[in-house]
Amino acid sequence: MEFFQMLVFPGLIFLSVYSFALEYFDRIVYARLQNRQGPPWYQPIADFFKLLGKEVIVPASVSKLWFKLLPVFAYAANLAAFLYIPLTSANSLYPFSGDLIVVLYLLTIPTLCFFLAGYISEGVYSGLGAVRALTQLFAYEVPLFMALLAPAILADSWSFAGISAYYSAHPIMMLVNIPAFIIAIIAAQGKLERTPFDAPEAETEIVAGAFTEYSGKLLALFRFTVDAELVVVASLLAAVFLPFYASNFIISFILYLLKTVFIVFILAVFKGLMARLRIEQIVAFCWKWLIGIGLLQIVLNVIIKGAF
Amino acid sequence: MSKNLVIPIGPQHPSLKEPACFTITLEGEKVIEADIGIGYNHRGIEKSCESRNYYQALYIIERVCGICSHSHSTCYLSGVEKLAGVEIPRRAAFIRTIFGELERLHSHLLWLGVAGHEIGFDTLFMYTWRDRELVLDILAMLCGNRVNYGINTLGGVRRDLEPQHIDDIRRMCAKIEERNNYYVNLALSDATLAARLSGVGMLSKEDALKYGAVGPVLRASGVKSDTRRNDPYLIYPEIPFDVITYDSCDVFGRVVVRVLEINESIKIIRYCLDNMPDGDIIAKMPRKIPAGEVVSRYEAPRGEDVHFIKANGTDIPERVKVRAPSEANWHSMAHMLKGDYLADTPIIIAAIDPCYSCTDRAITLNNAAGSKRTDWEAIRKHGIEFYRNKGVDVSRILLPEKINY
Amino acid sequence: MKKKIPGAIIKTAFPTIFQKPATVGYPFEPLKIDDDYRGELTYDAEACIGCSMCMRDCPANAIEIINIGTKEDKKFKAIFHLDHCIYCGQCVDSCPKDALVMSNNIELASLDRNNLKVERE
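Protein chains in written order, with our numbering: chain W, 1 to 308; chain P, 1 to 405; chain L, 1 to 121.
FYI, nobody ran anything at the bench for these hints, they're computed from the structure. Built from N, CA and C at the ideal position, the CB exists for glycine as well. Hints are supplied without guarantee of correctness; some may be wrong.
Covered stretches of chain P, as calculated for chain L (at least 3 residues, CB under 8 Å) [claimed, not checked]:
hint: 1; segment: 48-61
hint: 2; segment: 132-141
hint: 3; segment: 146-158
hint: 4; segment: 188-194
Pulled a few chain W residues facing chain L out of the computed Cβ check, cut under 7 Å [unchecked claim]:
hint: 5; residue: Asn35
hint: 6; residue: Arg36
hint: 7; residue: Gln37
hint: 8; residue: Ala307
Based on the sequences and whatever the hints tell you, model everything.
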């Protein structure tokens, strides 16, 4: 039964199907925002299978083992993080106290894999992309942690179950976390490397950043990882900032879909509104604004915690 | 990083629409040196004009550039007509002016979109290209083609403006004006645009003059220079319009100059529609052009276009020389790139609205014997050597046995 | 100077999501082509007098007029190389008898280059 759950729901197969669906949704919203028709619903799947059919070229001077393993690592880390996030009830598959922290750390692994993939590729574009990916990690990671930990401080629990329990008891407290939610959305945009924080893979500057030397199946797996990351991050934000569930499984599942679609909708609109920032502008913005507001939020939450 | 990183941008690169090679030397993310290699897109246009008659050469010249096709053909024709001593009818001059300004509209809108794309602002890119489509629809309706209009002919224009077209043009102008005012507002109010464009690709007034920049690049450096005003042609002497300048000397200034020029173009089109005289649209031209030399100038959307034509009394030109506006702007490029971030390189390159195939000229290779003929094998060898010096080994690429053209 | 905010385009962009897209799903939906658009050449063999002005003025050597009749009883045939043609329409202007006219058929794409060499009688 447990193996079935890991494989089907909420595991591998659900994550795969839903990441294609959310990529489609992301692309269609982005297209409609730009007054375009957008792709047909099967486009993400078609792209994936087309890439699977392409030749894999490994640069001659690169360690073949690592070059092939890194996409798998990145995807595996995403899947592992996904298994700890509660989707349809307050408890995930393996709940324990402190699972929020574990998920955050697991989510850092894909970015590190992107960095390593670019670094070992030995190309100039991939090298620059790798350095930028790592620089960006330092810019968004701190505000993202702060934004996600602020609700946890208020709930006095490092676990999803605890957060859910607290906010079910005091639903009005969810409103306190709105600034943190906005920071989390912006930082998530950086985490997912989307405009305006897509400097690590800015196509007009450094081709495809860290993935420049990747092709065929390996690139397909990386693209798949990026899609899966979108699902995982959306689920994570939903679990922390909108932690309410229904008792019925079906209703709860629909609620989960609505929550994640809502978050991806915000992310997609956000993507269409701005020009890409330079890497040093990203760092300056994240440390100047996001961290400042994040700190205020944490102080506010601590005060509220003490007052009530 | 102790060693400076050398990055090749091009010949094939996602931010370049045509091949050109920029070798950028980086210190961290800062550009400390830029080397520009062009010539990948040479098509021998000038030479092929010398083996065609004036009518055929007109269509070759029209294809020097896909965007400023009307500029090149009008510039060429005004030279040929001057040599032949033919005055084109007034109505034809009005129609040529309208097309020139419509071309400026769609060229500037296209550029605005490309600039948006280069800084990752794809929404702006899609919106401006959507609006540009309105202009292209009008052009297709008026002349039957979307980009290479084929409206010009020796002695006048080929298609007349019908009354129902005039209403369509007015409607389009109103729409573009409304949208363009929105872009002006957006350029002045969006913080990310300002963050990416202000202070980038600086070219001071003195440098702009020193490197011989033309068109919007020169005007964005605060120099009031426009061939339509300095050396008017067609009916420009009588048209009231402003020469837009901006003195911020950066890419942002180039954006502002271009969006404001769109409004000026709309003003000019409206003036032409209001004051259009009746009459013929074509004057009789001789097939053989009397011997002589002429230089003609034209303000293309990208800047001043100069054509030199030498006629020898037959129906075939002896020499046609094209100085496209992009060619004049290339020289300031290395200067503008220096000191900025790598991330700004694409937008700085795009900011002169470069047209690579307009620019590329032939290179003659001399071998040791002093002969000017170089065979295929020698060119291939030279190519392999050239790229080996840049650190790329292409000698392992196999050629097909026979190349089918 | 106005106050600058990031994402100022949202006021136009957000309502656009719910509007009809500006693009057309072209091969599946018809495209509006003007009647006097310059497309494929049509040839009227009856009107042609074989002066070959079109051949002389064509910048791309895309047109050939051949006499397939006898010297006394002339009959003409045109060969269009549509892959060479640049659709400038100079031949239409040069023709003194209006034997050449451009249609608005632009759907000429073909996977085989030989299909683009068409003969008209």
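Structure-based check of each hint:
1. 48-61: Result for this restraint: holds, n = 8.
2. 132-141: With 3 residues in contact (Cβ-Cβ under 8 Å with chain L), the coverage given for the segment 132-141 of chain P holds.
3. 146-158: Since three or more residues must qualify, the claim that chain L covers the segment 146-158 of chain P holds, with 4 doing so at under 8 Å.
4. 188-194: It holds, with 6 qualifying residues against the three required.
5. Asn35: Status holds, d = 4 Å.
6. Arg36: Holds, because the Cβ-Cβ distance from Arg36/W to chain L comes to roughly 5 Å (cut-off 7 Å).
7. Gln37: At about 5 Å, which falls below the 7 Å cut-off, the nearest Cβ of chain L leaves the hint on Gln37/W intact, so it holds.
8. Ala307: violated (34 Å)
When the structure is compared with the earlier hints, a violation turns up for hint 8 alone.
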